[in-house]
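Chains as they are written, first to last, in my numbering: chain A, 1 to 159; chain B, 1 to 213; chain C, 1 to 391; chain D, 1 to 190.
Incorrect hints may appear among the rest.
As the list claims (entries may be wrong) - Label pairs and their in silico Cβ distance ranges: (1) K128(A) - I23(B): 36 to 46 Å; (2) R140(A) - K9(C): 11 to 21 Å; (3) E110(C) - T46(B): 27 to 37 Å; (4) Y212(C) - W126(A): 49 to 59 Å; (5) S21(B) - H34(C): 42 to 52 Å; (6) E50(B) - E107(A): 24 to 34 Å.
Claimed, not checked - Computed footprint of chain D on chain C, listed as stretches where at least three residues anywhere in the stretch have a Cβ under 8 Å from a Cβ of chain D: (7) 230-242; (8) 246-253; (9) 280-290; (10) 331-338; (11) 347-359.
Source of the hints: derived by calculation from the structure; they are not laboratory data. Built from N, CA and C at the ideal position, the CB exists for glycine as well.
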Amino acid sequence: MPPLMTSRYDLERFGMMPNPAPRMADLFLITGYVTPKTLKRIIITYEMQPDPKYVLAHGSCPLNGGVYWDAYNAIKHLDRYIPVDVVIAGCMPRPEAVMDGIKKLMEMIENGTADGWKRYKENYEWYKKNQDELFGEGWREREARRWIPWLMDKKKKEE
Amino acid sequence: MEMEEIDFKVAPESKIKKKPSYIKPWLGLKYLFKKPVTIKIPYEKTQIAEKYRGFHSLDWKKCIGCNFCGQICPARAIEMTWIEVDGKVEKRPHPKIDYGRCTFCQFCVDVCPTGALGFVENFMLTTEWKDEEIELFDWVPIHPDKIKEINEKFPDYRFPVVKIEFNKETKEVTYYFRDGDVFKFKILGYGLRPPAAAKPKPAKTGKKEGNSS
Amino acid sequence: MVSQSELIKEARENGMELLPLDKDTYELFFGPQHMATENFSIILKMDGHRVVKAIANPGFLHRGFEKLAELRPWYTNIALLLRICVPEPDVPEAIYSMAVDELMGWEVPERAQWIRTTVLEMARVSAYLFWIMGLSFKLGVYTAGQWAAAYRERLMALFEELTGARVYHIYTIPGGVRRDIPGDKWLRQLKDTVEYIKSKLPDFDHLVFENYITFKRMEGIGVMDKKFALAEGVTGPNLRATGVPYDVRRMDPYLLYPELDFEVPVLKEGDALARALIRRYELEQDLYILEQLLEMRPPSGPYKVQDPRLKNLPRFKVPAGDAFAHVESTKGDFGAYVVSDGGNKPYRVQIRGPSIAHGIRVLEQLLVGARIADVPVILMSLDNCPPDIDR
Amino acid sequence: MANGQEEKGGVKEMTEARWKREQALVQKILEKAPYAEGRVRRERRIEFKVPADRIRDFLTLLKENNFELMLQITVVDWLKEGEYELVYQMWSITHRTHAMVKMRIPRELDKARMPTVKDIYPVAETYERDAHDFYGVYFEGNEKMEMPWILDDAEQGLFPHRKDFDMLSYVKKKYKILDRFDENKDNYVI
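Start from the sequences, fold in the hints, and give me the full structure.
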């Protein structure tokens, strides 16, 4: 959420910075609705992150579908696919509310109650089952192969 | 191609084009001596507009249970609920609002014929994703005066309720307010028709079933 | 996960002819997690640091608005459709409302027209500031981006006062607007804000638009000519940068725009720099328009149509027919086509976002031959808004 | 459409003089295309109805008549009539006029076929992919028809924007949610 990262609300005061590389990140912000196509990337990105890792869900959409409750292409309960630590109400939430969520997450980390990443390891079978039910078995491989015909075959025709 | 005659003002190129400069970017340095615009949350507070569309409030006495709010809601976040307070059944069902769905458009407030449903500027609700904490997202709004009373004590725009306990067997709901008050009522059923006539429905939410821990 | 070599082997077995290895091409999946693409993905085929081929891969933000809108009552759709474009949510509100107004045969009251015009112009200013933020982050001029974001917050505060929400305003409704102007204080604040942002424009010029580095980075990349742009359906500032003075506000006037005085900027170069300069000049013109609107003062009268049919909003019906309405957004020509069959829900709503033309074919062709470092700059100079491709 | 337009009739007489430009434009195009029907909707809005097999001729004609931009291809699913209505929305910068080119094709998936217009308006390729993904209209000659577009694998081939696609039961099945999905029309309009 850009206003949060920039000078007005300035998240860097809390020692946080946006980072494009998931392998160096601790906190994963899900900033709104999640579509199945995005969820595949979210799962892959989440698994790339090193432990310990935390997930913060913005707004109502990841929690219960929000205004897209009947949309065929929006995830309803994000918690079934990856563990979420903190939820913030709002559509979209104000930056103050997001900051409050981050503060809450910090407290939880200190208490040791932010254990989403542990839950993901312990219940991996359950999460994986839900993911596979949604996308079908072997979705990772299919996703990797998806664009090959269009990248390779087309080339031949053009030349 | 031929354009039809242009009858409006078109800016001349000289006004739009700029000249590149090596020196001018350094003029930005003057901002080193200016005050930062940052609001130092949590030490400072932002001003929220007077009519900010936040959480709902409901005057239970005024509410006639017409379900206009439920019909206009784009997210179907509103469910009419039959309530029993202190052994007395409320004559009309009251809206129960799910903030896991609500988009804060407040069309429900616009269509309310008696003005029972309203909104306050509180907007902050943060919880862990756990069964008992997520109960907070699903509530029957309380009287605006009560929220105002709590807001005066705690002026930080938070949700006026700290904890909502929902007993699945007895269907008893307990609100624990921020100022220590407790409010109890019983949910008899959902829908427009009184629960005695309609068949009792199964437990309402699916989100609790899906949780892992 | 499968490894790259396995994939290549499998592709060979399936009879695909691959490029010889010494040509040194590789695939780069750019986005959707990368911030520069804003939840949009481009698959790049690279030769060294040159792009050989680009395939746009949209759909990460698809929620099926057009289907959802068919299931919701007419008024409620406002709360839904504005989510199509996050930087300027007032535009989808306005076009949908204008189309419904046309179907109903409503003449919107003057005061509502004034408010709608003001809101649209404020949205344009805030969207341009948002764009300056994005551009300067992508150019590496982080300072200017921070300013733009901070100045945008002032407009957000005004929106909050007027509409009751920061980002998703849900304010323009069929037949007018939802609330009246809060009072003279708000008008004064708007005037101050306009003056304030205007006084800050030279600073943006110094850091971004007159910066030698900007010229070096943006000159001569992503060049379009007039013929190409028209054939590809390019609209808005991107089309004006190729020398076509097409502005919906002038060519298909709506609301109060015929009475307002502003200039339409046109350049002939058609490169990324020209597009940036056009946007910069339009920001200035939008502030000028806001000044004029404030000088006009809001006309007195009702702020929405008085119609007995509005008594029962959930069952409010619109006569059968179809209507097309479009406005000039900062991205381009933003249109809505609404079909009604006389029921209490729309029969079909199609939103035509400008990015569907800019983001797919134009981008794929402009990227070929660009360096990898230029990809975000070209993307930003086109000012794509991925949600309006996906809808 | 008749209702909304006729009610505005009071203004119509005043603007009659200004509509002459649009009338002349429609006349000019119809002269060359006897197969089409055309009318003026209002100021700057005109409308044509053409048979589906002549669309390529007609769009070529429009392009010659300075309709430079193609804004969108809209598909409207008329379930009762069993037809798709395709609306090609064109904008002419020269005439400052929006033209809708409407045609009807059968809505059965194997019969919903159209010739592509991507060689006349290259941008149509994108719109055609869009129409194919959501409605299943096949545009012959567009080689990107099979390329993945917005929809994910699960929905491909279901054509979710068709009117007979039952979204609620599909969502229930796909995401396994049960709350607040009662179909009682007394309680909910949506």
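Right, here's what the structure says about each hint:
1. Checked against the hint of 36 to 46 Å, the C-beta distance between K128(A) and I23(B) comes to roughly 59 Å, which is inconsistent with it.
2. In this structure, R140(A) and K9(C) meet the distance hint of 11 to 21 Å, their C-beta atoms being roughly 18 Å apart.
3. The hinted range of 27 to 37 Å is satisfied by E110(C) and T46(B), whose Cβ atoms lie roughly 35 Å apart.
4. As the Cβ distance of Y212(C) to W126(A) is approximately 57 Å, the hint placing it in 49 to 59 Å holds.
5. At about 31 Å, the beta-carbon gap between S21(B) and H34(C) misses the expected band of 42 to 52 Å.
6. Here the CB-CB span from E50(B) to E107(A) is close to 31 Å, well matched to the stated 24 to 34 Å.
7. With 5 residues having a Cβ less than 8 Å from any Cβ of chain D, the segment 230-242 of chain C passes the three-residue criterion, so the hint holds.
8. Closer than 8 Å: that is the beta-carbon criterion, and the segment 246-253 of chain C has 3 residues meeting it against chain D, so the requirement of 3 holds.
9. Under the rule that three or more residues need a Cβ within less than 8 Å of chain D, the assignment of the segment 280-290 of chain C is violated, with 0 such residues.
10. Judged by the Cβ-Cβ criterion of 8 Å, the segment 331-338 of chain C is covered by chain D as claimed, because 3 of its residues qualify and three suffice.
11. Only residues whose beta carbon comes within less than 8 Å of a beta carbon in chain D count, and the segment 347-359 of chain C has 6; three or more means the coverage holds.
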